[in-house]
Structures are given as structure tokens and as C-alpha cells.
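Number of protein chains: 2
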Amino acid sequence: MAASAPASDPRFGPDRRVTLGQPLKLDGGASLDGVEIAYETYGTLNADGSNAIMLCHATTGDQYVASRHPITGKPGWWARTVGPGKPIDTDRYLVICANVLGSCMGTTGPASLAPDGAPYGLRFPVITIRDMVRAHIALLDHLGIERLHAVIGGSMGGMQALSLAAHWPERVARVMVIAATAAMPAQNIAFQEVGRQAIMADPDWQGGAYYNTGRAPDAGLAVARMAAHITYLSEESMHAKFGRRLQDRAAKTFGFDADFEVESYLRHQGATFTGRFDANAYLYITKAMSYFDLAEDHGGRLADMFAGSKARFCLVSFDSDWLYPTPESRKIAHALNAAGAPVSFVELSAPFGHDSFLLDVPELDRVIAGFVG
Amino acid sequence: MAASAPASDPRFGPDRRVTLGQPLKLDGGASLDGVEIAYETYGTLNADGSNAIMLCHATTGDQYVASRHPITGKPGWWARTVGPGKPIDTDRYLVICANVLGSCMGTTGPASLAPDGAPYGLRFPVITIRDMVRAHIALLDHLGIERLHAVIGGSMGGMQALSLAAHWPERVARVMVIAATAAMPAQNIAFQEVGRQAIMADPDWQGGAYYNTGRAPDAGLAVARMAAHITYLSEESMHAKFGRRLQDRAAKTFGFDADFEVESYLRHQGATFTGRFDANAYLYITKAMSYFDLAEDHGGRLADMFAGSKARFCLVSFDSDWLYPTPESRKIAHALNAAGAPVSFVELSAPFGHDSFLLDVPELDRVIAGFVG
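If you're matching them up, the sequences are chains D and R in order. Residues in the first sequence are numbered consecutively from 581, following our numbering. Residues in the second sequence are numbered consecutively from 581, following our numbering.
A pair counts as met if it fits within one copy or between any two copies, since identical chains are not told apart.
With a straight-line cut-off of 27 Å between C-alpha atoms, the simulated DSSO-like cross-links for lysine-lysine are:
id: 1; residue 1: LYS832; residue 2: LYS911
id: 2; residue 1: LYS911; residue 2: LYS890
id: 3; residue 1: LYS832; residue 2: LYS821
id: 4; residue 1: LYS832; residue 2: LYS605
id: 5; residue 1: LYS821; residue 2: LYS654
id: 6; residue 1: LYS654; residue 2: LYS666
id: 7; residue 1: LYS911; residue 2: LYS821
No lab work stands behind these hints, which were simulated from the structure alone.
Work out the full structure: start from the sequences and follow the hints.
In C-alpha cells, the structure reads:
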């Protein structure tokens, strides 16, 4: 057992919480007191504290990487990748994953209580991806981890990994960015805006002050999820999975039921999502993504963002991902090359679209295991 | 002036209506009495009635092809293509365009009055693309046109053109299908379902019985339009048109206003659409599109659908159209080849995505003019 983290150390293990002793200063100018961070760790920190890997979750993900989700009862979102003997081997590494700032699985967000005892709602400050990473850095300080062996993330998790590497270069040795971008493209901003508008159009949203009213904008949130879900899949995978097959019926109904399997599947995705996610959190997190433009404060010169980095980078894209397509990763690779940073970049062939990073893609396992070392 | 259509013939001209004397029998088994069809004609029918071209409009289009829209005041949707001396030359051809069955610009649809004097609402029968074409054929009968020189349509208009060619092969000599498909792909069904769910999630929809209540599901319809609008554009065109530019401001607001031009543009698209379109009509028309599978009744063998056709076909796709991409047109071309039908097929390079068929693409003008002859 590592000296720095005895088995009894209450900072490590499943379902942990920490309340920050210092206010969290945010990009928007506001400052948050008493931020709580909900996180999990797997594995054991070694004696010199050099084997920690931080995983950053995607938009609607959470800290339950490799343990059963407390609401849905489903396995963790990366259980296939993280565990003893797996590509991210918890026999060798301490794995950390924190629910992001602004979310709803225990970390402070719009559903949390403000200092006045009532939920923040829209009084919660609009945050950025860097603000999420600020909370991650505070967590690392709490855990006594000076430098991560690696930070790894897919989609919005990849943006956090990039932000950490750019703004806290001394805190990480390896950076893996999967199916992400350094600046949210216009089309993705558009899709995210549709989702936000769907939520805000729901009268039960009530300007964000729906907590304790017995109503919530579930209908709007379900529509937002449905629209987003389409963008996570590839046309090919939808065709293969559903095609034009009818749902449990021999013929079209000539009504507005879900005739097709794909309609029924989408409705199910929307309906189940509302049981585990807060609509305001969805607004804040997608807004942070829409705002994401890593090089913005450096005159748009992405290479400059990595000037201070000594980390090794690994970028992965998927050929069927039309939400964060390969050119987005290539731009980052070019910037890292220009900055003289060691970088490997691979486009993997996988049929599942953007969701490929969460699904059975053995080649991704090999790339991760190889890069983690 | 043609003998068959004197200048005074009230069947021809702008803003015409006809009420069908026969019930319209529908694919779903229902039958509609007293169907009204709103249409426009441009140009003059020649002596032997051989110079008529029917244009079929897209999802939310209408009969105002080349005349000012009565609600928006904007030029007709294909004013750049249809008129004296234009690619579809109204000095030489009689051009006909009818508002489709189920729509809301004068042709019978869910907002129309049922025989009991109250609006149909959801009592309106679910229709198909072929039902829309049935109404077109009834209009041709009314106009005394036995055989069209050509039928031309883009997007949902292309599906009508295909349906007309397949089911009424004796009624048309030339068939032009632009940016369409012979069977709605799963991804498009999914996007259409999101739009329908957005409308039906709006409490003001009231199960479709919102007419005369002083409320309408404008918020849901706007979200549906926003989601659909993204699919009409290409990622490249959105990037070129908006990128990450902010809307009339120097910095992000750190609020939920529309910070970005693309957000503002989408909100505008949604908001203006509700002023000219009926939400129930949107439900019915998108359902008809989702149902569209031309070969379904022939065991899926598309080639069989064109066995009785003597028409010439022209298929056009656009390289930036990801909603009805080139492979959809290629499938139709292969089927027509297998059926021994004369067919030309061209993929045009244009940056505007699916909407390219409505925009300034000179090469499309040349293809149309050449095919119309």
C-alpha cells in the first residue's frame, strides 16, 4: 500500500465527496463558495504519487466510470476499458473521475442549494470547460496529486483534457483526447442550441426555477436528448440497427404512434434520460461546450496554447463520427506539431459514429493501453 | 393562345382553387370528400396540351413557386428557376404547382374544416406521398392534361415525382428528381420524429385540437424547424456563414441569450416559420415522408416500380447534402438502369448542403434547362 494513500485514507474509493475550502474563481467573473465535488477513485496511488490517471466524462456522463450507476443500475460508462487487467489497468494505476462542475450527480451545479438555501436554478453562473478543469485541479490538490500520469477523455472529456494540458501543463505527463475538438464548430453549436431551446420552450421549465414545484421540463429535456442522440450515431449504424423496420407490428398504423423501431428507440432514449439528468445542468453543460474555443485567448493560435507543455499527446478520431470528425482532431495534431510537442494521431475505423469511444472498438483499447504504458 | 386553354379559362393562373367532385381514396383506407386543391399555373397550355410541367414542392413549401408569398411577402421558392426565359421557361411551358394534400396553404389538410364544420385536427387521416400525388393527378384531370411534359421536384418534391412516375407512368414523359430518396433512411426518420415529438410535447398542441383556442404549439413547432433547418445546411456552409462569430456583441454574455450568430439565426428561422405554417400539417407531412418507401409494395424491388414507365429520368444529387446524400440517388439510378429506363444521373458540387436545390447553383440551372428541353 502506498505511503501517500493508506487503505484507510477516506479521500480514495467509490462515491467520494469533497467540499472545497477555497472559492472557485470562474471565467465569467463570478466566484463559487463551498463547491462540492463528487468523484470516484479505483486502484491505489503509488508511493511517489506518480500513477494517477484522471478520466474526464462526456456531456451527460458522470463519475461512475467502472461502477454501477446509482440511478439506472447499469454498469459504468467505461467499465469495458477501466478495471483490473483492462486497457486502463486499475491494478497498476489510480483512476480518478469527477462529476463535472455544473452537472447533477453530486458536484455543485444549478440544482444544488445556493448559500440562501434555495436551489441555484439560473442563478448558477454560466461556466466554461476551463472552469470544470479548475474543479478537477482542486480535486487533485485535495488528493495530494501533483502531476497526473495521464488525463484521458472522449468528446467533452477530450476538451477538458486539452484545457488541462494547456492551462495547467505542469500537472500532467500524458494527454489523450478522443473524438473531440479544440473549438466547437458552428453545426454543433446549432444542435446544442436546439436542445436548449427545447428545454426552455417547455412551460414546466419555469425560467429554471422548477425545483420544488412538482414539475420539471421532462418533455423538453427528452426532445433535447433525442436530437443529440441522433448526432452520436452514424447514419450507417442507424441503418444497420434499425433500417425501416417496424416496431412490434406487421403494418404501419397510419397514426402518430412510433411505427418504426428507430422512433421507438429514440423516444425511449429521451424518456429514460429525464430520470437521471437535470434539465438546467443540460443547459449549463452544453453552453460550456458551445463556448469552448481553446485558443480564443491566444488570438486563435492553437499552437501557442501548448508552448508550455512537456506532455506527450495522443489524439484519436473515428471515421464514422460526423459530430467531431477527423479534421477536428487533425487541427489539434497540427498545432501540437507546430508547438514541438510529441503527438501521435490515429483515425480509427469504427461504425458507431461519435459514440464509438464508448463502444466495442478493440483497436481503441489497444491504442489506450499502448499510450497509458 | 392554345385552343384547350383560352386566356379566360378560369382553371389557369395565379392563386387557383378546385374542389374535387370525387372522394379521394387514401392509402390508409380512409376516403376524403370535398378535397380542395390550391395551386398556381404560369405560362400557357399549348394546343395539344403537351407542354405542361408539374413542379412538386418540398416539406414546408407551397404553390407559390414564382410569385410573391402571400404571408411572408418573399419571392417564390423557385423564382430563380421558373419564369420567362429561365431554366423552366414559362414562355414555352405551362408550369403547375399545387400545395400538397395535408399542408396548410389552401389545399385540404388538418387545419381544414371537416364535414362537421370543425377543423379536422388529428381526425385528419394520415396520408402518404402517393396520396399527395393522387391529389396532383386529380388536378391534372381537372386541367384536362393527360400527359405531363415533365414532373420535377426536389427533396419531398422528388419523392412525389418518383411516385407519380411509378404509379401513373402514362401521365408523364420526363421525370426529374433532385436531392431525394426512394425510401426514407433511418436517420431522417429519426430527425422527423424529433420534430414531431417537439410539437406534441408542447402543451399548447392540445392533442392537435388547438384551432380556435387562441393558442398554438408555436414553441414546439419552432424547435422542430430549428432541428430540421440544421439538416438542410452543410457543416461547411454553416462554418462559412457563421463560424463562431458572436451576434452583435464584443464578448460572450455568460448567459443563455443567443451569443453566437448561428444561435440567433436558428432562433429566427424557428420563430418566423410559426407565422406561416401549421403544426399539425408539419406532423402529417413529415409522417408521410417517414412512411415513404416506393418499392415497399413490390417486395422492395425498386426496379419493378419502373417496369411500366416509358419516361426519361434525370437524377441530381449534391456532394454537400448529408440529408439525402448521393448514394440515395445512385440507388434510384441503378433501379432505373435495371428497369431499362433512360436515365441520366449527376452529382453536382455545391456548398449549401441539402438546400442547394433552392439556391444559386448555376450548374443545376443548366441541367434543368437541358433536361426540360
